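Residue numbers for the sequence shown follow the numbering used here, so the first one is 4 and each next one is one higher.
Hints are computed from structural coordinates only; laboratory data are not their basis. Please note that a few of the clues may not be correct.
[Said to hold, decoys possible] DSSO-like mimics (lysine-lysine), calculated; alpha carbons at most 30 Å apart, straight line: (1) LYS63 x LYS157; (2) LYS129 x LYS87; (3) LYS157 x LYS102; (4) LYS116 x LYS87; (5) LYS29 x LYS90; (6) LYS90 x LYS5; (7) LYS157 x LYS5; (8) LYS136 x LYS157; (9) LYS90 x LYS129; (10) LYS90 x LYS75; (11) LYS29 x LYS129; (12) LYS29 x LYS63; (13) LYS105 x LYS29.
[What the hints assert, rightly or not] Taking CB as the label site, the calculated pair distances span: (14) LYS105 x ARG82: 32 to 42 Å; (15) GLY24 x ASN114: 35 to 45 Å; (16) GLU6 x PHE83: 11 to 21 Å; (17) ASP72 x ARG127: 41 to 51 Å; (18) GLU67 x GLY13: 37 to 47 Å; (19) LYS63 x ASN130: 26 to 36 Å; (20) GLY143 x ASN38: 11 to 21 Å; (21) LEU156 x ASP81: 12 to 22 Å.
From a predicted model like this one, the values you see are computed outputs, not experimental measurements. Just so you know, even glycine gets a beta-carbon here, dropped at the ideal spot from N, CA and C.
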Amino acid sequence: MKESVDIMRGARKFLINLIDGISIEKLNEIPAGFNNNLAWNIGHVIANQQILCYRNAVVKPVIEEEIIDKYKTGTRPDRFIEEKEFKILMQYLLETIDKFEKDATTNMFENYKAFDLKSYPGVRIKNISDAAKFVTFHDGLHVGYSMALKRSLKK
């Protein structure tokens, strides 16, 4: 589990560095050919980790359900993400990983509900260890997507 947590934390730190100095207007910009923006991607990696690790274990997520529902899979940016909300998301980027690392040392995830990933035929998430491994992959996917988004932003 430690390796997965370390990779999650590394991906989140990469995202923080990637967007450093970008205005809130640019973070909300959806470049041509994309269907979301950098601000939404930050919220999405947080929401996805909370769903995969906490909700699927029938454990209360550590962040607000409202935020999870705004950024979960199947959502898209439907409004301008204000600076105040974005600062909260930035705070959650690492806080949620730190909290998960502590929680993973307990038995709070023992009732994990196994499920098949619809987007990845043949992949079944059976327990919290599988979920943590998938989160590392998912975060990495969104790091790459965010790199492409940043390159595509209008100067």
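Here's how the hints hold up against the structure:
1. LYS63 x LYS157: Distance ~40 Å between LYS63 and LYS157 Cα, so the pair is violated.
2. LYS129 x LYS87: 37 Å, violated
3. LYS157 x LYS102: 36 Å, violated
4. LYS116 x LYS87: Roughly 34 Å separates the two Cα atoms, so the pair is violated.
5. LYS29 x LYS90: Between LYS29 and LYS90 the Cα gap is close to 15 Å, so the pair holds against 30 Å.
6. LYS90 x LYS5: Status holds; Cα separation ~27 Å.
7. LYS157 x LYS5: 39 Å, violated
8. LYS136 x LYS157: Judged against 30 Å, a Cα distance of about 35 Å means the pair is violated.
9. LYS90 x LYS129: 34 Å, violated
10. LYS90 x LYS75: 18 Å, holds
11. LYS29 x LYS129: 39 Å, violated
12. LYS29 x LYS63: 33 Å, violated
13. LYS105 x LYS29: Status violated; Cα separation ~34 Å.
14. LYS105 x ARG82: 32 to 42 Å: At roughly 33 Å between Cβ atoms, ARG82 and LYS105 fall inside 32 to 42 Å, so the hint holds.
15. GLY24 x ASN114: 35 to 45 Å: Since the Cβ atoms of GLY24 and ASN114 sit about 43 Å apart, the hinted range of 35 to 45 Å holds.
16. GLU6 x PHE83: 11 to 21 Å: 38 Å, violated
17. ASP72 x ARG127: 41 to 51 Å: 25 Å, violated
18. GLU67 x GLY13: 37 to 47 Å: 25 Å, violated
19. LYS63 x ASN130: 26 to 36 Å: 19 Å, violated
20. GLY143 x ASN38: 11 to 21 Å: With Cβ atoms ~20 Å apart, the hint holds.
21. LEU156 x ASP81: 12 to 22 Å: 20 Å, holds
In the structure shown, a violation is registered for the earlier hints numbered 1, 2, 3, 4, 7, 8, 9, 11, 12, 13, 16, 17, 18 and 19, in ascending order.
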